[in-house]
Amino acid sequence: MKPQLDVAYIAELSKLELSPEETERFSRDLNQILEHVRKLDAWDTEGVEPMYHPLPAFDALRADVPGESLSNAAALANAPAAQEGQFRVPKVVESAH
Amino acid sequence: MLFGTIAHWRAQLQSGAISPTELVEELDNSIAARDPQIHAYLSRNKEAALQAATCADLSLPLGGIPLAIKDNICVQGEPTRCASKMLENFVSPYDATAVTRLRAAGAIPFGRTNMDEFAMGSAGENSAFGPTHNPADPDRVPGGSSSGSAAAVAGGMAIAALGSDTGGSIRQPASHCGIVGLKPTYGRVSRYGLVAFASSLDQIGPLTQDVADAATLLNVLCGHDAKDSTSSPQPTEDFCAGLGRDIRGLRIGLPKEYLSSGNAPEVRAALEQSICCLTELGAEVTEISLPHTEAVVSAYYIIACAEASSNLARFDGIRYGHRAEGNMSLDALYSKSREAGFGAEVKRRIILGTYVLSGGYYDAYYAKAQKVRALVAQDFTRAFEQVDLILGPVAPTPAPKLHDTQLTPLQVYLSDIYTIPANLAGLPGISLPCPQAGCLPTGIQLLAPPFAETRLLQAAHALECALKG
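Protein chains in written order, with this note's numbering: chain V, 1 to 97; chain Y, 1 to 469.
Among the clues, some could well be false.
As the list claims (entries may be wrong) - Taking lysine to any residue and the SDA-like style, the derived pairs with C-alpha atoms no more than 25 Å apart in a straight line are:
#1 Lys336(Y) x Asn78(V)
#2 Lys85(Y) x Ala75(V)
#3 Lys85(Y) x Lys39(V)
#4 Lys91(V) x Asn327(Y)
#5 Lys39(V) x Gly262(Y)
No wet-lab data here; the hints were simulated from the structure.
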């Protein structure tokens, strides 16, 4: 099986609105890269546990103690648009007409 | 230009030969004089640095020492842009833990260094604000992604700097610029406040003028941090303890897979010279095998891109970062903001990462890569039963020319083959310069088992002294 990477479709999943030139260029680059990485199939990994993390697992939860956190003003300081102490976002409900 | 190690400037400050504010001024002058040609810095806040310098506590381990910080590590009140248009107007609301620790040790963060956008690149050319030039030859790249940190230290514009290393981004630019770069064991240094690229691979570390300075900075940077769930509970050590001790009887492995005919003559010469020095120092250099070396680049790019596609989903134009102008649907706002904010390499990796995680391909690519990663780590576990350290090249060639458009993205990725394994396996690695007359800077690399930084720095220090002759 040699599936081609459909860049236009994956870009949609990635929330990237690519130009036609980018779509063409990335198709070429990425399918070349995929052809290379498919060589991984040749390595025998029968019975091998995937290594999702380089460290052995340990109890990673910190104590649940209330502490100081960012103020409302600091959290909004980098917002592209803010109003009344909140992030301003576009309308997400389509109007009826 | 301002050369001299942390140790040198510490002595100068303590003897009163120079004051902390004068040191900041001198550094600022050096940057103003040289950086127009090199472009190592994206921003610097002289007023904040001078203010910190006026109350510097010289009794602390880094008292009064200004340090440059890569643009993906948060410094409160300063821009942290990751060399991306996406974060062009972003100002850090807090300090990264690494920066908090530097400040607590008396250091003064001064200047944000250029980099490949979101740390994705090996040449420094993927910066949205223009490339950095190599101080050894301005027609060449400094390496990447910690391009500005390496160039600033090599070019007399920083005493030392912080970088981040996901697949070689500290060690490779250090090699190309002729300085020391240390990637600590995964989990040694907190990643809190480091803008995430690939969370299971990223690690903060120092770029310095010598090995002793790297050990000094590691002493300050290491330690468990409750704010980073991947921060290791392993106790820290005095990493300077091994410096100056001899390495007689130390067993050093040379992987036969790293002796590729594709290595440039300078790289082969640097390795031969290092083997010679290590043997003279009484170490035993033996050939070993890391049989899965050929698979590391593929496994790495699948894993790194998958993690990046997930991490970079946070840049949606809502809470921070670039937002597209105009009235549009929420979906269009995401897509247009991300399209305008990200550069080509970042988009390429997000798409590759989304693809390998998408339905039907997850097992074939992502799970397969993580299994191969386990085999790569197993290669090292077995090798470290026979040897104490591993010696190898950092990159197959010295620094390439700027704007070399002959190379495809795949060819660029393949040049990371010697640095990637340490990230996949979580090992510490150091790149140190191996200067040769009339040649471009070329480093060599030493790798150690997890948490064996003291041994790594001991051997690197002994080799550094021998190479300097």
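Hints and how they fare:
Pair hint Lys336(Y) plus Asn78(V) holds up; C-alpha atoms about 19 Å apart against a cutoff of 25 Å. The straight-line distance between the Cα atoms of Lys85(Y) and Ala75(V) is roughly 20 Å, inside the 25 Å bound, and the hint therefore holds. Under the criterion of a C-alpha separation no larger than 25 Å, the hint pairing Lys85(Y) with Lys39(V) is inconsistent with the structure, at around 35 Å. For the given pair, Lys91(V) sits about 9 Å from Asn327(Y) by alpha-carbon distance, which is consistent with the 25 Å threshold.
For the given pair, Lys39(V) sits about 20 Å from Gly262(Y) by alpha-carbon distance, which is consistent with the 25 Å threshold.
Hint check: a violation occurs at hint 3 only; the rest are consistent with the structure.
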